Amino acid sequence: MEKRSTTIRLLSLAFKSILLILAFFLAFRALLLSISLLSPFIVATLVAFSIERPVRFMERRLRLPRSTASMVMVVVVFAIFGLLVAWASGKIAAELADLTTKLPYFQGLFNERSAGVAAILRDYMHLLPQDVLNTLNNGASLVLERATALIPAILAAVLGLVALLPNALMYVIITVIASFFISRDLESWRRKAVALVPTAAKKPGLQIFSRLMNALWGWAKTQLIIMTATAIVVIIGLSILEARYVVLIGVLIGIVDALPVLGPGAVFLPWVAYSLLTGMPLFALGLLVMYGIVVVIRHIIEPIILPENVGLDPLATLLAMYIGLRLIGFMGLAVGPILLVSYSALEEAGVVGKIKDWLLA
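Using our numbering, the first residue of the sequence shown is number 1, and each one after it goes up by one.
No lab work stands behind these hints, which were simulated from the structure alone.
There could be a bad hint or two in this list.
Derived lysine-lysine pairs resembling PhoX-like cross-links, with alpha carbons at most 25 Å apart [stated by the list, open to error]:
hint: 1; residue 1: Lys354; residue 2: Lys203
hint: 2; residue 1: Lys354; residue 2: Lys16
hint: 3; residue 1: Lys354; residue 2: Lys91
hint: 4; residue 1: Lys203; residue 2: Lys192
hint: 5; residue 1: Lys356; residue 2: Lys203
Computed spacing ranges between beta-carbons, pair by pair [as the list claims (entries may be wrong)]:
hint: 6; residue 1: Pro104; residue 2: Gln223; range: 17 to 25 Å
hint: 7; residue 1: Thr101; residue 2: Leu64; range: 27 to 35 Å
hint: 8; residue 1: Arg56; residue 2: Ile236; range: 33 to 41 Å
hint: 9; residue 1: Arg53; residue 2: Gly265; range: 34 to 42 Å
hint: 10; residue 1: Ile236; residue 2: Ala195; range: 37 to 45 Å
hint: 11; residue 1: Leu224; residue 2: Ala195; range: 29 to 37 Å
Just so we're clear, the structure is a prediction, and the values are computed from it rather than from any experiment.
Even glycine gets a Cβ: it sits at the ideal position worked out from N, Cα and C.
Can you build the whole structure from these sequences, using the hints too?
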């Protein structure tokens, strides 16, 4: 009888664990879907929360109506953002236009230097086995084919960005309008959201929501700081190396640095190889040094400022980043801390204890 009871408890535990995992998976998928569909309103909510203190100051100290204070702050925030984007876009467009006109020259120079290197290697090829020669020939053909396809790919990417402009404009307009309405009626929206939550779940629900919002804002702030630091280091470094298109390349590498799958190596390493092939070893060495500085900055800054902004223990954050990296690759560097924040919020609200009691009941 006791054995049967133990078996039933184990089966119940397994069934409840499967239900819990399935619920977590469905909630995660729903979250991803809602982010993709409602991203302008999510950004608008973040803007509204970020300007809440200045809006309250203008409302209480300057005696401005809430709607006027919200409008002023939304206009100021998006005007500053728009000026920065316009300045960066102008610089990038000018450098990109100049680069596009000179791409055939760079491609011809690359082919010429590659042919010179191949001619030198050909003198020693008779010493290599046939299968090694075949591999080298196939690799050289592939490199030349990719290099030849570089110009159409870049032009197609530029045209693709131009085609996205109407959608981007609509996205910005919706975000600006939504930011104003959410900021103006923030207290009303808060009361409505609280009223929708059942009484028993009100306190833990608000605690979890507040914790996750603070963590999300802290994570976004951390990535913005790292992207900015990376872009500044690259712009300064390229200026010292007397390279061209420093703003374009600095902004590009700053954006790529925020993409865990790629990272700055996706730009630096091919550039180093090209510089070596075109007879610029000192420039290649400078790029390698700059790449090392960018990597070191990310690995030093992120574990320090991410816990501070997100509100986690530094060692626990580092451990979560490492486990995420080992389990799901580079994306885990972001997913690990997010899951740790979620677990911490649920534990503080007492949800983790209730789930344990339910599983063992």
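- Message: 37 to 45 Å was suggested as the range; check whether the CB atoms of Ile236 and Ala195 agree with it.
- Response: Because 52 Å falls outside the window, the suggested range is violated.
- Message: Tell me if the straight-line CA distance from Lys354 to Lys203 falls inside 25 Å.
- Response: Status holds; Cα separation ~15 Å.
- Does the Cβ-Cβ separation between Pro104 and Gln223 fall within 17 to 25 Å? Taking Cβ atoms as reference, Pro104 and Gln223 lie about 37 Å apart, which means the hint is violated.
- Message: Next pair to validate is Lys356 with Lys203; report whether the Cα-Cα distance is within 25 Å.
- Response: holds (19 Å)
- Query: Does the structure keep Lys354 and Lys16 at a Cα separation of 25 Å or less?
  - Reply: Roughly 13 Å separates the two Cα atoms, so the pair holds.
- Query: Arg53 and Gly265, beta-carbon distance inside 34 to 42 Å?
  - Reply: 39 Å Cβ-Cβ, so the 34 to 42 Å window holds.
- Lying within 29 to 37 Å: is that true of the beta-carbon distance Leu224 to Ala195? holds (34 Å)
- For the pair Arg56 and Ile236, does the Cβ-Cβ distance stay inside 33 to 41 Å? Check passed, 39 Å falls within 33 to 41 Å.
- Query: Is the hinted pair Lys203 and Lys192 satisfied, with a Cα-Cα distance of at most 25 Å?
  - Reply: Distance ~15 Å between Lys203 and Lys192 Cα, so the pair holds.
- Starting from Lys354, check that the Cα of Lys91 is at most 25 Å away, please. violated (56 Å)
- Query: Does the Cβ distance between Thr101 and Leu64 fall inside 27 to 35 Å?
  - Reply: violated (51 Å)
Violation of the numbered hints given earlier is confined to hints 3, 6, 7, 10; the remaining hints are satisfied by the structure.
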